[in-house]
Amino acid sequence: MQTDTKTNTKIVVAGTPKIDVIESKTVVIPIENIDTDQIIPARFLKTTSKDGLGDNLFCDWRYAADGTPNPDFPLNKPEAAGAQILVVGDNFGCGSSREHAPWALAQFGIKAVISTSFADIFRGNALKNGVLPVIVPADVHAELLKWSGMQVKIDLAAQTVILPGGHSIPFPIDPFAKQCMLDGVDELGYMLNQEAAIAAYEAKRVDSINVLQ
Amino acid sequence: MSNPSLSEKSPARPRTIAEKVWDNHVVAEKAGAPTLIFIDLHLCHEVTSPQAFSMLRERGLKVRRPDLTVATMDHSTPTTSRDLPIADPIGAAQIAKMESNCKEFGIRLYNRMSDHQGIVHVIGPEQGLTQPGMTIVCGDSHTATHGAFGALAFGIGTSQVGHVLASQCLLQVPSKPYEIRVNGQLKPGVTAKDIILAVIAKIGIGGGTESVFEFTGSAIRALSMEERMTICNMSIEGGARAGLIAPDDATYQYLAGREFAPKGANWDAAVARWKQLPTDDGAVYAKQLILEADELEPMITFGTNPGMGISISSPIPTPASVTDPIEKSDLIKALKYMNLEAGKPLEGHPIDVVFIGSCTNSRISDLRAAASILKGRKVNPKVRTLVVPGSQQVRAQAISEGLDKVFRDAGAEFREAGCSMCLAMNGDELEPGQYSVSTSNRNFEGRQGKGGRTFLASPLTAAASALAGAVADVRKL
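Residue numbers (this note's numbering), protein chains in the order written: chain A, 1 to 213; chain B, 1 to 477.
Quick caveat, the hints were computed from the structure, so don't treat them as lab data. Take these hints with a grain of salt, some might be off.
[Unchecked claim] Okay, derived cross-link-like pairs now, DSS-like style, lysine-lysine, Cα gap no bigger than 27 Å in a straight line:
#1 B:Lys30 / A:Lys77
#2 A:Lys111 / A:Lys204
#3 B:Lys30 / A:Lys18
#4 B:Lys344 / B:Lys328
#5 B:Lys328 / A:Lys146
#6 A:Lys204 / B:Lys275
#7 A:Lys50 / B:Lys336
#8 B:Lys336 / A:Lys77
[Stated by the list, open to error] Restraint ranges, calculated between C-beta atoms of paired labels, are given here:
#9 A:Glu202 / B:Gln288: 31 to 41 Å
#10 A:Trp147 / B:Gly60: 43 to 53 Å
#11 B:Ala31 / A:Pro170: 31 to 41 Å
#12 B:Lys333 / A:Glu79: 50 to 60 Å
#13 B:Leu84 / A:Lys18: 43 to 53 Å
#14 A:Ala200 / B:Lys103: 28 to 38 Å
#15 A:Pro164 / B:Ser314: 44 to 54 Å
#16 B:Gly184 / A:Gln179: 43 to 53 Å
C-beta atoms are modelled at their ideal positions from N, C-alpha and C, and glycine is treated no differently.
Given these sequences and hints, build the entire structure.
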C-alpha cells in the first residue's frame, strides 16, 4: 500500500487480490436465493475489522446448535476440502448490502462463485474482494449443480469456464471490473484521478442542494 | 446491462425520472469504465462504515465532503433505556468506533444520546435531508426508502462507502427503468405494506435485478409520504437497485419547513427544479407490472424470503404446485424451517412475538395505525410485543400523542429508537423456534434471531395478531 500524499489528488494503489486463472474442484450448495444473512449472519457484523469472518461463513447452516460441524452441509464434506469454486442456485447474495459476505467467502478460500444470476449489490461487492461472480447459462448450471468435486478451470482474461471435458463456456463481466481484478487494484485510484472532473461538477452544482451548508 | 439510450443526451428524448436524476449527476463518462456519478447525500451508520474509515486512514485520505455526509447509530444500538450502559462489549466498541471515526474525519453524527438519533432511513426524511432529484447512498440495502421523494437512492457495500467518503462519487452502470403501476383504491385494512408485499410475491425476490422501480398510478398518488417510504423501502426485496416515486404536492408539503430543506427563495427555486423531475410522457420502461389496488388483501409471508407471501385468506402453497425442481426444494426447505403445513391457512397460527418497527414501518403513522388497534385492548399474555420507534423524533411525537401509554396499557413494550429486532444485532431477538409477526422487511432464516421464524406483515396485521396471540386478519376485528 503506497500513499503519495495526504490530499486526495494522487492515485493510490490498492491491495486487492489479483485473479487470473482459478483451477479447482467445485463445491455445490444447490439452493436458490441464498441471502447474505445466511452467508454471514448479522450477529457477526459487530466487528470493526474484516478479520475472522471466514470462520463464520454460512454459520447457521454449517454448524449444529452445539457448535459442531453439520456433516450434511456441503462445505463440511471431506471432498469439499480446498475447493475454491462455489456453485449455487439463482440469485445468490440477495438481501443485505453487507460486504462482510464476500469478505467471509474470500477468507474461507472461495475465489469464484458460479450461478445463473447474482443480486446486484453482492455482485459489485464480490468483484471488489477477489471473489469472481461467474454467470453461466441454465443448462451448464444444471450440469454443474449435479455434484461437488468437478474439476473446473476459470480463465478471467479469456472470460471462460472450462469444464472437465474441455468444453469452454464464455461468461460476461464488466470490462472495468475485469481489468481491476487482473491487475489487483481497486476502483478508487481511477476515481481519484478524475479530480478535475469532480471539481468541475462541484463548481456547477446548484447550491441549494448543498444540504448541510 | 448497459443502456445505450442513456448516452443520447438529446433533451427531446422522453426520459423517466430515474434517467433524469442520473443524467443530472454524471461527472465523467469514459470508454471502458462505468459512469462516475456525483452523490448528493451520504448517510453512514456504525455497522458498514468502520472498515471504510480504516481504508481512508491506511491510505492517508480525508473525507472529501463532510458537509454532504451524515452519520447516526441504529443497527447495534440498544433500544433499552439510554440511561443504561451498552451491555454488549462488542456492540459498545463498534458504537465507540463510530464516535471516534466521525470526530476524526469531521462528520456530523447523531449519536445515541442525540434527539436526532434514529434509523438512518427514518432520520434523513424527517430532517429534510432527503430531497427530490438527489442521489443518496448508504451502506445499507434499504436506502431506496429515500426514493419516496423522487431521489435516486441505493445501498452500497463498504468499499463503496470508502469511495464516496474519499471522492463523493461512485462508479455505476445505468439501471433498467421498471414501472410498477398500482391503479385504484385500497380497501380498508389494506396498506402500503400490503402493496409492496404483493408486488414482491408477484415478481419474486430477483424480479427487479439490474432495475430501478418507479411506482406510479392513482393508488400510489393517494399515499402519504410515510406510506410511500414503506413501498420504496422494500424495493431491494424485489431485487431492484432502487425504487422511486415522482415528487408531487404531498412531497413538497412534507418537506416544507424541515430543518435541512431549502428556505425562502431557495425553496421556490428548488420546487421549480423538482417539478421538472417526473417522468416525461412517452418515456419507455424496460419492464412494467400493473396491479389493481382494490383486488389486494392484507398480505403476510409464510416462508424464508420476502417473495414467499400470500394474502391472509389464502392457504400456504403446496410444493406439488411448483414445477421447477430447485424452486420446489426451496419451498420444502422453507416450510420445514418454518414448521408449517402446506395447504393450510396461516390465519390462526400461534405466535410468540410481535415486532412493530424497522425502517419499513416505524414512522409516526405506523405507530398511530398500531395504536388504533391496541387502544383500550390487551395483547395476548403469551405474546411479547415490542414497539420500537424509528427515531427519537418519532418517539417524542408518539409520547406527545399519548401513544406510549396506549402501548404500555395494552401490555406492549415501548422502546428507544433503532433497528432492533429487524436484524437482531442489538440484543432484541427471537429465541430459537419462536414465531413473530413483524412489520420489518426480511423473513430470512435467523434474521430476527438464530432459529427464529418471521411472518412479515403490516402494522395493522401485527397489532391485530398481538391481540389474538395468533396470525390475525385485522378486517375481522
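Each hint tested on the structure:
{"no.": "1", "hint": "B:Lys30 / A:Lys77", "result": "47 Å, violated"}
{"no.": "2", "hint": "A:Lys111 / A:Lys204", "result": "43 Å, violated"}
{"no.": "3", "hint": "B:Lys30 / A:Lys18", "result": "24 Å, holds"}
{"no.": "4", "hint": "B:Lys344 / B:Lys328", "result": "17 Å, holds"}
{"no.": "5", "hint": "B:Lys328 / A:Lys146", "result": "16 Å, holds"}
{"no.": "6", "hint": "A:Lys204 / B:Lys275", "result": "20 Å, holds"}
{"no.": "7", "hint": "A:Lys50 / B:Lys336", "result": "33 Å, violated"}
{"no.": "8", "hint": "B:Lys336 / A:Lys77", "result": "23 Å, holds"}
{"no.": "9", "hint": "A:Glu202 / B:Gln288: 31 to 41 Å", "result": "37 Å, holds"}
{"no.": "10", "hint": "A:Trp147 / B:Gly60: 43 to 53 Å", "result": "49 Å, holds"}
{"no.": "11", "hint": "B:Ala31 / A:Pro170: 31 to 41 Å", "result": "22 Å, violated"}
{"no.": "12", "hint": "B:Lys333 / A:Glu79: 50 to 60 Å", "result": "22 Å, violated"}
{"no.": "13", "hint": "B:Leu84 / A:Lys18: 43 to 53 Å", "result": "48 Å, holds"}
{"no.": "14", "hint": "A:Ala200 / B:Lys103: 28 to 38 Å", "result": "31 Å, holds"}
{"no.": "15", "hint": "A:Pro164 / B:Ser314: 44 to 54 Å", "result": "46 Å, holds"}
{"no.": "16", "hint": "B:Gly184 / A:Gln179: 43 to 53 Å", "result": "50 Å, holds"}
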